[in-house]
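Undergrad: The opening residue of the sequence shown carries number 1089 in my numbering; numbering runs sequentially from there.
Some hints here could point you the wrong way.
For each label pair, taking beta carbons as the anchor points, the in silico distance ranges come out as [what the hints assert, rightly or not]:
#, residue 1, residue 2, range
1, Lys1097, Ile1277, 36 to 46 Å
2, Ala1177, Arg1150, 25 to 35 Å
3, Gly1435, Asp1165, 20 to 30 Å
4, Met1335, Glu1358, 26 to 36 Å
5, Glu1358, Arg1469, 18 to 28 Å
6, Leu1151, Ala1346, 14 to 24 Å
7, Arg1451, Ala1134, 16 to 26 Å
8, Asp1219, Ala1346, 44 to 54 Å
9, Lys1337, Glu1453, 29 to 39 Å
10, Asp1219, Arg1288, 17 to 27 Å
11, Thr1291, Ala1346, 37 to 47 Å
12, Thr1392, Gln1094, 49 to 59 Å
13, Glu1287, Ser1531, 49 to 59 Å
14, Leu1481, Lys1337, 25 to 35 Å
Note that these hints are calculated values from the structure, not bench results. Yeah, the Cβ is synthetic: ideal placement off N, Cα and C, and Gly gets one too.
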Amino acid sequence: MVMKKQLAKLGLFDAKVPRYTSYPTAPHFSNAVGSDHFTSWIKAIAPGSDISLYVHVPFCRRLCWFCACRTQGTQSDAPVAIYLETLKAELTLLRQILPKGVRLSRLHWGGGTPTLLSPSMMSELAGAIFDVAPMAADGEFSVEIDPNEIDIARLDALAAAGMNRASIGVQDFDDRIQQTIGRIQSFDITRDAALAIRERGVTSLNADILFGLPHQSKARITESVQKLLSLNPDRVALYGYAHVPWMAKRQQMIPSDALPTPQERLDLFETARRLFLWDGYAEIGIDHFATQSDGLTVAQKAGTLRRNFQGYTDDPSEVLIGVGASSISKFRQGFAQNAPATGAYTGAIRNGRFSVSKGHVFRGEDKLRSRMIEALMCDFRIDSAELEARFDLTAAEVQRLFDCAIAEFPGVLNNASGILSIPDEARPLTRMIARSFDAYDMSKAGHSSAI
C-alpha cells in the first residue's frame, strides 16, 4: 500500500515534471524544424484520410491572472479582424497543398477566447475551414466558450456552423478565489451559458475546473464541484493549477503565500475526485472524468484512449494540424510549431509562407518512449507484447526499459506477465513514473508540480 508518507519519500510533493501532452515536450523543440518540413509533412498525408485541426485565437477581453496560455488582451475588434484575415490566408495556403479527400475527424477552436469573435467572424472562419476540408460523418467540432463572452447570436452562429461539443472553463465558483485569480464568473452566468448551449442541440458539454488555487480548501472545492455537477457536464478536466510566475508574468498578481501546499493539493484533488466518482463519472487517466456514454469512457474501455495537447482524446487521427499563432502540429514525422508572437506569425503568412518557427523531427527511440509514456498516462500500464510487435523489440529489450522505472520506484510498480502497471494507490506518481522513460534533459524547462 502506497501511503502519503511513502509518496512524500518518493518525492511527489517536491517534484516538477512535464504534463506529457507530447513527447518530447515543447521545451525540447528547436529551430531546426521550419516551414519546409511542415510543407513536406502536409503533402505526405495520405489522400482520403481523416485529420484533426486546431485553431488558436489568442485574444481575450481581459487577462485572467492564473492563466499561463499565450494570450493578449484587446477591447477592440480591430486586431481580431486582422488576425482573422491572417487565419484565412493560412488556411488558403493549407488548402493549396493538402492532399485530396482529406476530412476532419476533430475540429477545435481554442484560445484565448474564440467566442469574442462576432457572429459574422465565426461564420467566415468556419467557411474558410470547410473550404479546406469537410467534417467527417462522425466528426466532432468543439469550441472553448467563455460564459462572460458569449451571447445568443454567437451561439446561434456556432450551432449553424456545426459545433457539436462545447467546453466551458469554470476554474472555481468561490467569490474570494475568483477575485484572487482575476477571473470573475458567477455560477448563474455559467449555468445560463450551459443551458443555452444545450438548447441549441449541442449534446456534449465539457468543463474545466482547477485544484490548487489560492485560498482553496476542501469545503470550497466541494461546493464548487457540486455546483458544477448540477450542470451535468459530459466530460470534466480536473487540472492542477500550475503556478509559474517566471513564465507567466501575470501570475505575479497571485499571492504565493495563499497557495495550498503540495500535500494540501493532493487532498483537494482527492476531494474533488471522490465527488465525481460518487456521481457516477468514469475516471479517465490522471485528471479527467466522463459520463459512461462519453467518447472518452468508450475509448478507455476499448484501449484506444490517447493523449494530445488538449489532454485526453478519443480522436483516432494520426495527424493534428494547428493554425494560428503558437499552434502546434503533430505528424508521423514530428512536431511543428507556429511562431508564438502574433506579429511574427502574421508577417510570415502575409509573405505567403507558413510561420513554423520550431519543432522536432522524431528520431531514435522517440516513438517508442512516447508510446510508453502515453500508455502510462492513459491506462496506467504498459504491455510488453504491444511494444514488441509495434517496434520490433524482444521481450528482454522491453524488460530492460521496465527495469529502469522499477529501480527508481522500488516496491511501487507491478511487473508480471509482460505488463508493467501502476497500482491504484500509486497513481498520483504517474507523471513521475512517466518521467523515468523520458530520455531528454529535464533541466531545459521549469515544469509544474507533480501533483
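Undergrad: For the pair Leu1481 and Lys1337, does the Cβ-Cβ distance stay inside 25 to 35 Å?
TA: Between Leu1481 and Lys1337, where Cβ atoms are some 45 Å apart, the hint is violated.
Undergrad: Quick check: does the Cβ-Cβ distance between Asp1219 and Arg1288 fall within 17 to 27 Å?
TA: The hint (17 to 27 Å, Cβ to Cβ) holds, given that Asp1219 and Arg1288 are roughly 24 Å apart.
Undergrad: Return holds or violated for the Cβ distance of Thr1392 and Gln1094 against the range 49 to 59 Å.
TA: violated, 33 Å
Undergrad: Holds or violated: 44 to 54 Å for the Cβ distance of Asp1219 and Ala1346?
TA: For Ala1346 against Asp1219, whose Cβ atoms are near 49 Å apart, the range 44 to 54 Å holds.
Undergrad: Between Glu1358 and Arg1469, is the Cβ distance one that fits in 18 to 28 Å?
TA: holds, 22 Å
Undergrad: Check the following: the C-beta atoms of Arg1451 and Ala1134 are separated by a distance inside 16 to 26 Å.
TA: Given about 22 Å between the Cβ atoms, the range holds.
Undergrad: Is the hinted range of 29 to 39 Å satisfied by the C-beta distance from Lys1337 to Glu1453?
TA: At 36 Å between Cβs, range holds.
Undergrad: Is 37 to 47 Å respected by the C-beta to C-beta distance linking Thr1291 and Ala1346?
TA: Check passed, 39 Å falls within 37 to 47 Å.
Undergrad: Could you check the hint for me, namely that Ala1177 and Arg1150 are 25 to 35 Å apart, CB to CB?
TA: The hint (25 to 35 Å, Cβ to Cβ) holds, given that Ala1177 and Arg1150 are roughly 28 Å apart.
Undergrad: Given the range 26 to 36 Å, decide if the beta-carbon distance of Met1335 to Glu1358 lies inside it.
TA: holds, 27 Å
Undergrad: Is the hinted range of 20 to 30 Å satisfied by the C-beta distance from Gly1435 to Asp1165?
TA: holds, 21 Å
Undergrad: Within 49 to 59 Å: is that where the Cβ-Cβ distance between Glu1287 and Ser1531 falls?
TA: holds, 51 Å
In the structure shown, a violation is registered for the earlier hints numbered 12, 14, in ascending order.
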